[in-house]
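Work out the full structure, taking the sequences as your base and the hints as a guide.
Heads up: the sequence shown begins at 6 in our numbering, then just goes up one per residue.
Note that these hints are calculated values from the structure, not bench results.
Glycine included, every Cβ here is placed at the ideal spot set by N, Cα and C.
Treat each hint with caution, since some may be false.
Said to hold, decoys possible - Below, a list of computed lysine-lysine pairs in the PhoX-like style, where the Cα atoms sit at most 25 Å apart:
{"no.": "1", "residue 1": "Lys511", "residue 2": "Lys301"}
{"no.": "2", "residue 1": "Lys490", "residue 2": "Lys511"}
{"no.": "3", "residue 1": "Lys259", "residue 2": "Lys288"}
{"no.": "4", "residue 1": "Lys478", "residue 2": "Lys86"}
{"no.": "5", "residue 1": "Lys490", "residue 2": "Lys478"}
{"no.": "6", "residue 1": "Lys301", "residue 2": "Lys337"}
{"no.": "7", "residue 1": "Lys337", "residue 2": "Lys490"}
{"no.": "8", "residue 1": "Lys86", "residue 2": "Lys288"}
{"no.": "9", "residue 1": "Lys703", "residue 2": "Lys662"}
Unchecked claim - With beta-carbon atoms standing in for the labels, derived distance ranges:
{"no.": "10", "residue 1": "Thr650", "residue 2": "Val700", "range": "34 to 44 Å"}
{"no.": "11", "residue 1": "Val270", "residue 2": "Ala459", "range": "50 to 60 Å"}
{"no.": "12", "residue 1": "Gln419", "residue 2": "Val700", "range": "23 to 33 Å"}
{"no.": "13", "residue 1": "Gly99", "residue 2": "Leu276", "range": "34 to 44 Å"}
{"no.": "14", "residue 1": "Thr95", "residue 2": "Gly729", "range": "20 to 30 Å"}
{"no.": "15", "residue 1": "Arg765", "residue 2": "Val700", "range": "29 to 39 Å"}
{"no.": "16", "residue 1": "Pro340", "residue 2": "Pro243", "range": "48 to 58 Å"}
{"no.": "17", "residue 1": "Lys658", "residue 2": "Gln419", "range": "17 to 27 Å"}
{"no.": "18", "residue 1": "Asp354", "residue 2": "Glu717", "range": "46 to 56 Å"}
{"no.": "19", "residue 1": "Pro617", "residue 2": "Lys658", "range": "24 to 34 Å"}
{"no.": "20", "residue 1": "Asp354", "residue 2": "Ala682", "range": "28 to 38 Å"}
{"no.": "21", "residue 1": "Thr201", "residue 2": "Ala682", "range": "33 to 43 Å"}
{"no.": "22", "residue 1": "Lys71", "residue 2": "Asp309", "range": "49 to 59 Å"}
{"no.": "23", "residue 1": "Asp115", "residue 2": "Asp615", "range": "21 to 31 Å"}
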Amino acid sequence: MLNRLRILQIGDDPATSFCALQFARWGADVLKVTDDDLSPGESTDPVAPYRHQYENLNKRLLPSGKLSSMAATADLILTAKAPDALRDSTITPGAETIVHHVLPFPEGTDWTGLMADPLLIEALTGYLSANGSGELPPVRAPANLIVYVTGANAFAASLAALLRRHHHGASGRVVTCQLDVLLSLCPFVRYQYAGTAERRRGGPGTGVRLYPVGDGYLSITLVPADNWEALMEQLGSPDVPEVLRHASGRSDEKAVAQFLRERSVGVSCELVWNALMQQPHLKGIGWFQTLPQILKNPQLSALDYFESTGSGTDAGDVEKVPGLPAQLSICKPTPAALAREGAGWRSDDRVPAASGNDPARKPLDGVRVVDFTQAWIGPFATMLLADLGAEVIKVESHLRIDVWRGSGQVPPEQMANPQADQRNVSANFNSTNRNKRELAVDLTSESGREVVRALITTADIVIDNYTPHVMRKFGLDYESIRALKRDIISVSWSGYGGRGPYSDYKANGTTTEAMAGWDALFGYREGPPMVMGFYQCDAMSGMQVAATTLLALLHRTYTGEGQCVSGSMIETAAGYMGPELLAVSSNVEVPRWGNDHPDRYPHGVFRSADEPDHVDCWVAVCCQTDSQWRSLARLLGDDVTFSLTQRLSARDKIDKKLSAWVAERTRAQAASELMTAGIAAVPVLNVLETLTHPVFSKREWFIPMQHPDAGEHFYGGFPWAYEGTSLTAERPPPRLGEHTREILASLGYDAAAIDELFDRDVVGCIR
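Here is the structure:
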């Protein structure tokens, strides 16, 4: 049924392209309207041709002259044009056509006219300030990560819009904003609880770094004694210097790296990693892989992840196309194929017509989700569903709590309730669980499982992010719950997928970033690979969890069929590196760009003057054209009119001049003067500064929410807006088991039965 969806993509914007790519790979009829031909534009980036190939897979390209007729009969139009610009064009959408605008910056603000450069977006959200070394400039995310993450988010928003159209009769306009998408990932709740924004330090505050082990690197924190001792055992228990026997000594990363380099000569990093992963008590450990290694990764091979487009000249030259983030038991993706010319829609068949007429309702009103997820990726995904209107019931054991309840607590002196239980005041937990109710139940007891089975019979979707065997152990795997409710949708999202040699291994953001090539491409241009700042792969994967869940829900809406969704972080993360993996499969070397850009210069981050309350001050500058360079040269007192090639040859000289110029000014002064001269430049904000920045304040993007124990803090707004519908954050993050009694009552348990379950500790509530 999804193959009847008609998606019209207008233009070549990469975020919009990635969103449309998801539809195309899952079988929708995607027409891309562009003035370009099938070949990529000019670029010095060796990955550019492969980016063009990747973003256009399974699409058909339509001449711009055909745009009007296609717009009138499309289910969904995807465009980076602002609403006013689209209205001023000749495009006339049909009465039931949804128009989705994927914009870099919000409309009607000082930033509206900025170029859609990820460096600028990262700088203004606080994301950039958290990534890189404390002694060096902040450094941007690798590859096309930021725009592709926006595309994944827009895919989820588009699917929700299609569901809203079907159930509530609403088409109209949807807007997804890249700035808001990225800001929604940043840890501003945690920093509010702590009272300060963390300084970047070459990796997360937990101490995870890339350490040399034999012929490779492990992504690991070696501060905890368990991790250190287990690694030493794998290296044959070498003599350890006294200073490294203590956690404080192991905080000297250079000393630890030098010791490991000397004591692990001839060791197989892969074998060490596999041995460590057999010990589940150890804290997240990742095996760093280069992009060529990823193409031969045993786990991805077991998942049949890579496909061939069949475009190579011989068997050894066939390109490997990264697959999709999940496998669905009924919806099957279309085999990967290169873009080709198109003339119109593939078929006259259409998806079922809208059945409702209440356009003010939220997209997922009436959908119930039973949420078994924990930590970041899963709860973030289910919070997105809750924000879109789903009723989400979080299921958690009061005897073995969500791991995120155990960290990032509010200091007692700042609590609204100083006597609050520490499990209810975690910034990490509270940042990803608003708009949910919670049931606390012991799944190791048969009575607890009976409660959960009763709950599942009332649900549309069940989601977990355990390793694959956990839900089977509890009798809550897909086949078991399908026997309870035939049209149920079961979503299981683990670190490494449902089968293969690593399927039972635990994963998190940093371990996945290491294996999926993010670390290999992240860092400074002339420096080594690095770990990113705050486990962001968790939330970035969570967007695809939400999107793929909605894909299965849309299929059920059209056909009545439930199904099983099995996805993984490693598949998701590798998909965000699609063009780079395509390039490597064709023996093209992929550079680490740092803050540089292959086709823009100057393009980077420059230190500005210290400010009274801020000493880590930087300005992001993006000079795109020769005309902009001439304006910048005049500002710097230079009359040289270099071309891009000449500017790149004179990089050192220009960097010194621009650095000296920026250093004499505050962030605001430098950015203002550059913008006045026509050069894109913005201050690099830290995460907490976004809370009070006028652009966010005027939009009232951050939502103040009162938690009964933690007090009032700002929580994230929404990365999307739906015409005619207001999204709301009405319910603060739940205390442990806060709604257990009311949920049990709704399932038919009387007061005596509920009391008995509490007395037997089958269920619980911590207030």
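Fill in: Hint numbers not upheld by this structure, sorted from lowest to highest
Hints 2, 4, 8, 9, 13, 15, 17, 20, 22 are the ones this structure does not satisfy, whereas the remaining hints hold.
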